[in-house]
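> Chain by chain, the residues:
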Amino acid sequence: MSATRPLPQAIDETKPYWDAARAGKLLVQKCSSCGTYQFYPRSYCIACMSDKVSWVEASGKGMIYTFTINHRPANEYMKDKVPYAVAAIDLDEGVRLLANIVESDLKAIKCGARVQVVFEKVTDEITLPQFKLAGSALSQS
Amino acid sequence: MNDWETGRTMAAKPRVAIVGAAESDLGKTPGRTALQLQAQAARLAVMEAGLTFKDIDGVFAHTEGVFPSLLMTEYLGIKAKYADSTSAGGLSNCSHIVHAMGAIEAGLCSVALITYGSTQASDASRKLGGVADDPRSPRSQFVTPYGQMTPLGYYAMAAQRHMHQYGTRPEQLAEVAVSARKWAQLNPRAYRREPLTIEEVLSSPMIAEPLHVRDCCLVTDGGGALVVTSVDRSKSLKKKPVYVTGAAENQSHQFTPFAVKDWLDTGLAATAQRAMQMAGVTHKDIDVVQIYDHFTSGVIQALEELGFCKRGEGGAFVTGGHIAPGGTFPMNTSGGGLSYGHPGMFGIFLIIEAVRQLRGECGERQVKDAEIALCQGASVVFSGHTTLVLQRG
Chain A
1 MSATRPLPQA IDETKPYWDA ARAGKLLVQK CSSCGTYQFY PRSYCIACMS
51 DKVSWVEASG KGMIYTFTIN HRPANEYMKD KVPYAVAAID LDEGVRLLAN
101 IVESDLKAIK CGARVQVVFE KVTDEITLPQ FKLAGSALSQ S
Chain B
1 MNDWETGRTM AAKPRVAIVG AAESDLGKTP GRTALQLQAQ AARLAVMEAG
51 LTFKDIDGVF AHTEGVFPSL LMTEYLGIKA KYADSTSAGG LSNCSHIVHA
101 MGAIEAGLCS VALITYGSTQ ASDASRKLGG VADDPRSPRS QFVTPYGQMT
151 PLGYYAMAAQ RHMHQYGTRP EQLAEVAVSA RKWAQLNPRA YRREPLTIEE
201 VLSSPMIAEP LHVRDCCLVT DGGGALVVTS VDRSKSLKKK PVYVTGAAEN
251 QSHQFTPFAV KDWLDTGLAA TAQRAMQMAG VTHKDIDVVQ IYDHFTSGVI
301 QALEELGFCK RGEGGAFVTG GHIAPGGTFP MNTSGGGLSY GHPGMFGIFL
351 IIEAVRQLRG ECGERQVKDA EIALCQGASV VFSGHTTLVL QRG
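Those sequence lines, one after another, are chains A and B. Going by the working numbering, the residue at position 106 of the first sequence is 106; the numbering climbs one at a time, nothing skipped. Going by the working numbering, the residue at position 99 of the second sequence is 99; the numbering climbs one at a time, nothing skipped.
No lab work stands behind these hints: they were computed from the structure. Warning: the hint list may mix true and false statements.
Stated by the list, open to error - 25 Å max Cα-Cα, derived BS3-like pairs, lysine-lysine:
#1 A:K81 / B:K127
#2 A:K110 / A:K79
#3 B:K239 / B:K13
#4 A:K132 / B:K261
#5 B:K81 / B:K238
#6 B:K54 / B:K239
#7 B:K261 / A:K61
#8 A:K107 / A:K132
#9 A:K110 / B:K261
#10 B:K13 / B:K238
#11 B:K13 / B:K284
#12 A:K30 / B:K261
#13 A:K79 / B:K127
#14 B:K54 / B:K240
Whenever a hint applies, use it, and build me the whole structure from the sequences.
Structural data, given as structure tokens:
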């Protein structure tokens, strides 16, 4: 029997994010008071302390800030996936998050590469936002 | 002549000193507990100072498990007036020095005992993914599902970025491990002392690109302890004191460094500047450096952030035996976390080695006339930093 994937358990302040992912949308928070985007989701804007934090759909486009290719699994579940890529993605909205680079040639992954969100359904409850390389275009950074 | 003696700078006169420093048994200690190792080191450090547990009134403890300062007071029979269980990863015991300094200066305690212990090698408790926590935590929601190794994955990512921006090469990372091994060969207490070559590092199994097994610190058992008191009190004790002349820390996140925009400028520089300013020293005054070598790439980055070389030049800085015995930049003289040992959290061992260097106790690996040392404590995923400047009393 294969190991189960460690999965998130949503709480009130993150439920909209995980509900949207299940529907194939990537949401990020934007402060209604000062306009700052933030990730991960919180009950308050950490830039101005406002409790008026709204959800906006992200473009789903971004750039690989940096990445690693794992040759050892971080847990039992990932055993069958090695080698796999984990990347820090800078969304065009200006926030950074972590995801796997999927549906892509591992050798083509580079810092600065453009990426596009895709969605990986894991269970009926949880769909993980993931990213794939967007063509071969590299940004300047 | 010290700046604070001549009055040439605004540096404050040192007010606290390290008067005892000791390790427990190291390496593999099957059948023993982290508590036993801490107590063993504590006894040795307190005896070295010419004190007893009855003289200790401040306890600063860090270990896995809950309420470490309470456990240490209980086991050692200490009645603490001041206690601190700061748990912030590898730098914790370095930060205990900062906190003990504040407590002693404020008159809240007079003799502080700082301890650490771990049996993670014998317990086989080290996990590449890190310790699982509440599935509702930020890490469990936004990191763990992606199979990120913690902390290794983040340092691999920072190294990848360093290579991308500055052309740093795997063999330059490997040279850090090789230099550490050469120091370890001069240290009878070091766990790995057999020869190591750059080729062997590069051909060791890849864990997370670009980090190979030999780019990573060891997993060992071990404990350590330090005794800190006022400079006035230190003068009547058994060992020559080592003054804490500069101390600074910061913390910015736990396991999700998403708000840190530049993973090659993580906040270490600010603590180095504050600690060195407090001590009234500049880079050229420092005789020996102890850098937290969890990963070879982290050493290259720390040298840059500490200001010993320019940003992007860390790879060149460590090549050609510059940081090895016989080089011009003596650092990690015990062999470091890469070769001497790494029982989970390395902070206390950085300080123990610096103290021994400043006392002139290091035998074959002694840095000649070492008067001023700098210690750099690191935390989790560049989550915090502590820089200490120590000076021979």
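> Straight-line Cα separation of A:K107 and A:K132 no greater than 25 Å?
Distance of about 13 Å is within 25 Å: holds.
> Holds or violated: are the alpha carbons of A:K30 and B:K261 at most 25 Å from each other?
holds, 18 Å
> Are B:K239 and B:K13 close enough, with their CA atoms no more than 25 Å apart?
holds, 20 Å
> Take a quick look at whether B:K261 and A:K61 sit within 25 Å of each other, Cα to Cα.
The given pair, whose Cα atoms are some 18 Å apart, holds under the 25 Å limit.
> For A:K132 and B:K261, compute the direct alpha-carbon distance and say whether it is at most 25 Å.
Holds, at about 22 Å.
> Going straight from one Cα to the other, do A:K110 and B:K261 come out at no more than 25 Å?
holds, 18 Å
> Is it true that the CA of A:K79 sits at most 25 Å from the CA of B:K127?
The given pair, whose Cα atoms are some 14 Å apart, holds under the 25 Å limit.
> Hinted pair, alpha-carbon criterion (25 Å max): B:K81, B:K238. Please report holds or violated.
holds, 24 Å
> Within a Cα-Cα threshold of 25 Å, do B:K13 and B:K238 meet the stated pairing?
holds, 22 Å
> Holds or violated: A:K81 and B:K127, Cα atoms, limit 25 Å.
holds, 18 Å
> Are A:K110 and A:K79 close enough, with their CA atoms no more than 25 Å apart?
The hint holds at about 24 Å.
> When you check the alpha-carbon spacing of B:K13 and B:K284, does it fall within 25 Å?
holds, 20 Å
Going down the numbered hints, you'll see the structure goes against none, and every one checks out.
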